[in-house]
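Using the hints, position chain B against chain A.
Residue-level listing of the chains:
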Amino acid sequence: MHSKTIAELGAAMQAGEFSSVELTRHFIERIERLNGDLNALITPTPDQALAEAEAADRVIRSGQAGPLTGIPLVQKDIFCTQGVKTSCGSRMLDSFISPYDATVVERLKQAGTVSLGKANMDEFAMGSSNETSYYGPVRNPWDQNRVPGGSSGGSAAAVAARIAVAGTGTDTGGSIRQPAALCGITGLKPTYGRVSRFGMIAFASSLDQAGPMTRSAEDAAMLLQAMAGFDSRDSTCADQPVPDYSATLNDSLRGLKIGLPREYFDAGLDSAVAASIDGAIGLYKQLGAEVVDISLPNTALAVPTYYVVAPAECSSNLSRFDGVRFGYRCEDPKDLEDLYKRSRGEGFGAEVKRRILIGTYALSAGYYDAYYLKAQKTRHLISDDFKRAFETVDVIMGPTTPTTAFALGEKTDDPVTMYLNDIYTIAANLAGLPGISIPVQPVNGLPVGLQIIGNYFTEGKLLNVAHRLQAETDWHLQTAEGFA
Amino acid sequence: MQWETVIGLEIHTQLATRSKIFSGASTAYGADPNTQACIIDLGFPGVLPVLNESAVDMALKFGIAVNAEIAPRSIFARKNYFYPDLPKGYQISQFELPIVGKGSIGIDLEDGTHKVIGITRAHLEEDAGKSLHEDFHGMSGIDLNRTGTPLLEIVSEPDMRSIREAVAYARKIHQLVVYLGICDGNMQEGSFRVDANISIRPFGQEAFGTRTELKNINSFRFMERALNYELERQIDLIEGGDEVVQETRLYDADRDETRSMRSKEEANDYRYFPDPDLLPVEIGEERLQRARRGMPELPDQKRQRFESEYRLSAADALTLTLSRAMADYYEEVVASGGDAKTAANWVTVELAGALNKAGLDLTQSPVSPKQLGGLLQRIADNTISGKIAKQVFEAIWNGEGDADAVIEAKGLKQITDSGQIEKIIDEVIAANPKQVEQFKAGKDKLLGFFVGQVMKQTQGKANPGQVNKILMAKLKD
Chain A
1 MHSKTIAELG
11 AAMQAGEFSS
21 VELTRHFIER
31 IERLNGDLNA
41 LITPTPDQAL
51 AEAEAADRVI
61 RSGQAGPLTG
71 IPLVQKDIFC
81 TQGVKTSCGS
91 RMLDSFISPY
101 DATVVERLKQ
111 AGTVSLGKAN
121 MDEFAMGSSN
131 ETSYYGPVRN
141 PWDQNRVPGG
151 SSGGSAAAVA
161 ARIAVAGTGT
171 DTGGSIRQPA
181 ALCGITGLKP
191 TYGRVSRFGM
201 IAFASSLDQA
211 GPMTRSAEDA
221 AMLLQAMAGF
231 DSRDSTCADQ
241 PVPDYSATLN
251 DSLRGLKIGL
261 PREYFDAGLD
271 SAVAASIDGA
281 IGLYKQLGAE
291 VVDISLPNTA
301 LAVPTYYVVA
311 PAECSSNLSR
321 FDGVRFGYRC
331 EDPKDLEDLY
341 KRSRGEGFGA
351 EVKRRILIGT
361 YALSAGYYDA
371 YYLKAQKTRH
381 LISDDFKRAF
391 ETVDVIMGPT
401 TPTTAFALGE
411 KTDDPVTMYL
421 NDIYTIAANL
431 AGLPGISIPV
441 QPVNGLPVGL
451 QIIGNYFTEG
461 KLLNVAHRLQ
471 AETDWHLQTA
481 EGFA
Chain B
485 MQWETVIGLE
495 IHTQLATRSK
505 IFSGASTAYG
515 ADPNTQACII
525 DLGFPGVLPV
535 LNESAVDMAL
545 KFGIAVNAEI
555 APRSIFARKN
565 YFYPDLPKGY
575 QISQFELPIV
585 GKGSIGIDLE
595 DGTHKVIGIT
605 RAHLEEDAGK
615 SLHEDFHGMS
625 GIDLNRTGTP
635 LLEIVSEPDM
645 RSIREAVAYA
655 RKIHQLVVYL
665 GICDGNMQEG
675 SFRVDANISI
685 RPFGQEAFGT
695 RTELKNINSF
705 RFMERALNYE
715 LERQIDLIEG
725 GDEVVQETRL
735 YDADRDETRS
745 MRSKEEANDY
755 RYFPDPDLLP
765 VEIGEERLQR
775 ARRGMPELPD
785 QKRQRFESEY
795 RLSAADALTL
805 TLSRAMADYY
815 EEVVASGGDA
825 KTAANWVTVE
835 LAGALNKAGL
845 DLTQSPVSPK
855 QLGGLLQRIA
865 DNTISGKIAK
875 QVFEAIWNGE
885 GDADAVIEAK
895 GLKQITDSGQ
905 IEKIIDEVIA
915 ANPKQVEQFK
925 AGKDKLLGFF
935 VGQVMKQTQG
945 KANPGQVNKI
955 LMAKLKD
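Residue numbers (the working numbering), protein chains in the order written: chain A, 1 to 484; chain B, 485 to 961.
Derived from the structure by calculation, the hints contain no laboratory data.
Here are the simulated DSSO-like cross-link-like pairs (lysine-lysine), alpha carbons at most 27 Å apart as the crow flies:
{"#": "1", "chain 1": "A", "residue 1": "Lys377", "chain 2": "B", "residue 2": "Lys563"}
{"#": "2", "chain 1": "B", "residue 1": "Lys907", "chain 2": "B", "residue 2": "Lys940"}
{"#": "3", "chain 1": "A", "residue 1": "Lys334", "chain 2": "B", "residue 2": "Lys614"}
What follows is a set of in silico ranges between Cβ atoms, one per label pair, in the way DEER data are often shown:
{"#": "4", "chain 1": "B", "residue 1": "Met745", "chain 2": "A", "residue 2": "Phe230", "range": "41 to 47 Å"}
{"#": "5", "chain 1": "B", "residue 1": "Gln788", "chain 2": "A", "residue 2": "Ala370", "range": "52 to 58 Å"}
{"#": "6", "chain 1": "A", "residue 1": "Lys85", "chain 2": "B", "residue 2": "Leu734", "range": "41 to 47 Å"}
{"#": "7", "chain 1": "A", "residue 1": "Tyr367", "chain 2": "B", "residue 2": "Gln773", "range": "39 to 45 Å"}
We put the CB at the ideal spot given by N, CA and C, even for glycine.
Next comes chain A alone, as it looks inside the complex (with noise of 0.2 Å):
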């Protein structure tokens, strides 16, 4: 039942194989067997789950079901469900239960789907492998001793264990793409303004982008379709008509034009993942693709352009967890100033206070120019890279990270190597580009991701691109031994 497709599962149940709330069942109980070791949830709501998939069955009876109906998935923990602790992974929002829903949450209620709790995840999403949560790294269902990576580690590990069919995410340097690449799912980053903002807490305002995790490129259609769209009440949303995901799947890959950047395949890329990328590049062009080497000359600014910008923006972006109206509130405070810095001090962790202090740094008076208007220049050169390679290429392809999963404490004490990381998919975020990662040949029984970056509002080829590979591969099909 747990390794189904979603349309498959939607078939069962529209045809009474079982119901909404035998499948939710069934994943409840894999929550509690599983997700001890695991940690991909910090609150599972299994009452909520079946009320609503209660409801998706009446729904299912009067035939009014879509493809959605009764799905049972976890949400990332940066989005705010109403009557639910959100905590995005901090000790700062631990008591805070939200009074409204984000949209993605909101939408993806309405399409009927079942939330089975919120997925762990790096404090305010600031991390690359799970491990700057307040409640403890989450494990890799591969190798429970390495990082699933991060910040959207829960969901990935969540659906590559098969304790839930999908996962929403959020991306913004990486945090989609790069735990779907450790974890063996894919996972799809949209053009930024493609999905709402709203309700999904801030961390980099300019980055941040939500979106689908899930087992496969045919699920992330359906899930994106339900999540994507214009949103009144956030103003950097597309007003742009969404298109058919699902519709455009099996379109044909004759002549499709794939870029390699060189700067991709560079010494920091290991031989092993390189070798398998290489592999899933033969197959496409054994489907007809023609594939062309291109160069992105500005790649290696990417990663010290987003550490000033994400962190500027943070910097202000968590000014509002001050102690004063929700959230953390240190005990028995002196005065205003001490409450500021007691409730920040003790309710952020580190890697959040690091990346807060440097980015009021980059702001600062006498900085700003050296710091926060110079990485605007060089994010506009970045962009420029990927707009004359898209003159010339349809999507452009490479490792969505230099190593499969890594050891958990490995890379703790290193801010640094962790941010490099996300070296190759940062630029992405920087341009606003979609990016999807989905498994290839894994490495010493370790997922690998393929990345795949589009054309502003290319989803659906993107989804294409990755679903036509699928279909003749069953990377995305294997399961880590002891959750098949």
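Relative to chain A, chain B alone:
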């Protein structure tokens, strides 16, 4: 030493939009604390601002009115600082690219001089909440109803050279924003708040002196007092061999003094940067044209029209156009049949005096412009004299009906029958032989006595012109 005063003003005007600048919550004043703050105003996790376009339209009106450059593309920025009544930890404002750029406005002083004051910029921003430091037993109360109310901050050039000029400028801006309908102008409720930058320098010196910024000025009277106090303080400092420190000073109206709030060294580094949650505000030619078409007549235009159309004196035209309400009232009086010049007198003297005495605002006037027009018509057609008209006005004020009804009910119609007037004059002359003799001996002043006697006999209803004419003829016999 002769000192020259240099003043520049920053005026925060609350824009009269129904909802807040970035949320749908109401902006109405006076609700119970924290009942008009939604999750967006409260800065809850995950919420996002959406710009209220009517705030932009109002800013455009102001920009057009002061002949300012309108930015085709302006940017919202975040001004970062921590304070409990600032929920997000930053204020959304405009910094490098404000919507309204350089403009200017003319002011007229009482001595008749006209001066043009430069406007540096005007930008849109959100208001903060209020911190209440009393009645909370050593704690502070926070009321976030005001949070997110749209403000247009109007920054002047340091062009004012006296306190009188500063007050005239502030009044002029106040008049303008109320005329434009973009601000209710209520200073008590904080809808119009003035911060004043003031410095002094020896006459003839080009360089500016060190300035101080005065805050918490909520009336024009206090503005004058605060500036006077500060001017004296700065002169005393410098003449006493000390220096003025650049700082923000708070005006305390109860003690009539300013005191230091924070110095330049303590000033925040606001870490402004463009707000990534909001798109740039693009003002196209079409929108600008629409705004121009929607402009009301401005005070100066109205004043000039009053002078030419109604042939009013400059002083009357100025007084009548001080507020849009008064100008509208006046024009309705004229439209209802009042003579333009007489109407000007009645509106600025009789009506204004009565309202003042009763402590009423023009909008609360018991006498409608139509009623006043009707009254003035009866003066014009000689039904009543100007003197009797005051009596009729009082009756209208007291709710006894329109002019005609009052004249009818009280029998105040003027006596214009020469035979009747002659008869009464004959009686008066017969009854006062001594005074007639004195008058004939050259005591001209006694004419008033005879007029008074006639009026007494007729309860003031005799037509004064006819009385004079007949009296003169009879007395000179």
